[in-house]
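J.: Sequence:
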Amino acid sequence: MSKSHASFRVESIDVFRALTMFLMIFVNDFWTLEGVPQWMQHSKGSDDAMGLSDVVFPCFLFIVGLSIPYAISNRRRKGDGDGIILFHILERTFALLLMGIYIVNLENAVSSGMSVSKYVWQIGMVVAFFLIWNVYKGNDVRFTSMKILGFIILAALAVLYKGGDPANPSSMGTHWYGILGLIGWSYLICAVAYFFMGDHIALVVSGWIFLVLFNLAEFAGMLGFLDHIRGNIWIVGSGSMPAFTMAGVTASVIYRDLAGKSGGSQKYILILLVLGTLAVVYGFGTRPFWGISKIRATPAWVGICSGISFFAFAFMYWLVDLKKSKHWASILKPAGTATLTCYLVPYLWYAILALLTFSLPLYLRTGLIGLIKSLCFSLLVIIVTGLLTRIGIRLKI
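Under this note's numbering, the first residue of the sequence shown carries the number 1, and numbering increases by one thereafter.
Because the hints were derived from the structure by calculation, they are not lab data.
We put the beta carbon where it would ideally sit given N, CA and C, even for glycine.
It cannot be assumed that every hint is accurate.
[Stated by the list, open to error] Mimicking DSSO-like on lysine-lysine, the simulated pairs with C-alpha atoms at most 30 Å apart in a straight line are:
#	residue 1	residue 2
1	K324	K396
2	K326	K267
3	K147	K44
[To be verified] Estimated spans, in silico, between C-beta atoms of each pair:
#	residue 1	residue 2	range
4	K396	L160	44 to 50 Å
5	G367	F225	48 to 54 Å
6	G285	A158	44 to 50 Å
7	L160	K261	54 to 60 Å
8	I391	S171	33 to 39 Å
9	I233	K323	43 to 49 Å
Construct the complete structure from the given sequences, taking the supplied hints into account.
T.: Right, here's the structure in full:
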């Protein structure tokens, strides 16, 4: 383990992110299929169960946490002051919340209530996101104009929007903020926490444990005294979402502490495995009380998925950083370096196909053949993301 790793992001983080995004696109495409095995799908809120689809998002939140210490440290190394760093954290949070709110409203949009098709609205939304958050080279006034145009499009879409019951349509609302919004709130909590805690392991671990216990206390009925503020100030997911992210921060801070020390790599993998085991034991230990459920964000779901994240990252670190086996992930690289672009491409794809009324034959969307189709689709999205990056289209917040 070299000392430079304490300052620069380890390669396994990008590979882990790319693989997780590949899986996220894959499971998000299940809605186009028939006959998907139950163990791969999202479980219902009333079920004591967890499918593959219920694990992917926690892993991504964990990866967000892995990146936070390196992102803040890199900004400090470039000379950014505390004020600029905090502003950047707020700026990124705003971007994630805004995109999340638009996407979650898209799910409830009704074409019959709008003057444009739901799918035209969807395309306009994605185009606006690209205009606003694309990485432009230089400070040409045209680029500023494109960003302004993006915000104007979003404002127009908000005016046009109608959702909910077609008989009594509603305007846009925050709802549950969507996936990107949940990432945004989790990022804000954990980035600000790390900003003040720094690389002090005891403080970071305490922050992680606090979030886990907050989630546990919610299910144990111990937070009733906070009901008067629940509607205005609350920790997203009752602590579950930022708990995953803070677990990732913990993993990175421990790595940074061990960097450059004799036997540091072996100790690090052992620590990750121990943390993963403790998390899984906690998860299964709380399962008899509230079950495993992503929808309800139960303590068991938090514990088991945190453990899976620790185990997965330990394997990725061993494979990519220690064994230097990373060529297999080259085709997935755009998903790890242009992740937001990769996440949004399917929204554009689905809308265009809907407008063209195009759909694959049912036999290509059923069972094993359907799963292969979704795997190919996920890979295609990543390839398209790479091509977009080559021509200067890449989102960054």
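J.: If a hint holds in the structure, say so; if it doesn't, say that too.
T.: Structure-based check of all given hints:
Distance check on the hinted pair: K324 and K396 sit about 28 Å apart at the alpha-carbon level, within 30 Å; holds. A hinted pair counts as satisfied when its Cα atoms are at most 30 Å apart, and K326 with K267 qualifies at roughly 22 Å. Of the pairs offered as hints, the one joining K147 and K44 is violated, with about 40 Å between alpha carbons and a cut-off of 30 Å exceeded. Distance hint for K396 and L160: a CB-CB separation of about 28 Å, inconsistent with the stated range 44 to 50 Å.
Checked against the given bound of 48 to 54 Å, the beta carbons of G367 and F225, roughly 51 Å apart, stay inside it. For the pair G285 and A158, the beta carbons lie near 46 Å from each other, so the given range of 44 to 50 Å is met. Remark: the range hint 54 to 60 Å for L160 to K261 is upheld by a beta-carbon distance near 58 Å. As the Cβ distance of I391 to S171 is approximately 36 Å, the hint placing it in 33 to 39 Å holds.
For the pair I233 and K323, the supplied restraint of 43 to 49 Å holds, since their beta-carbon distance comes to about 46 Å.
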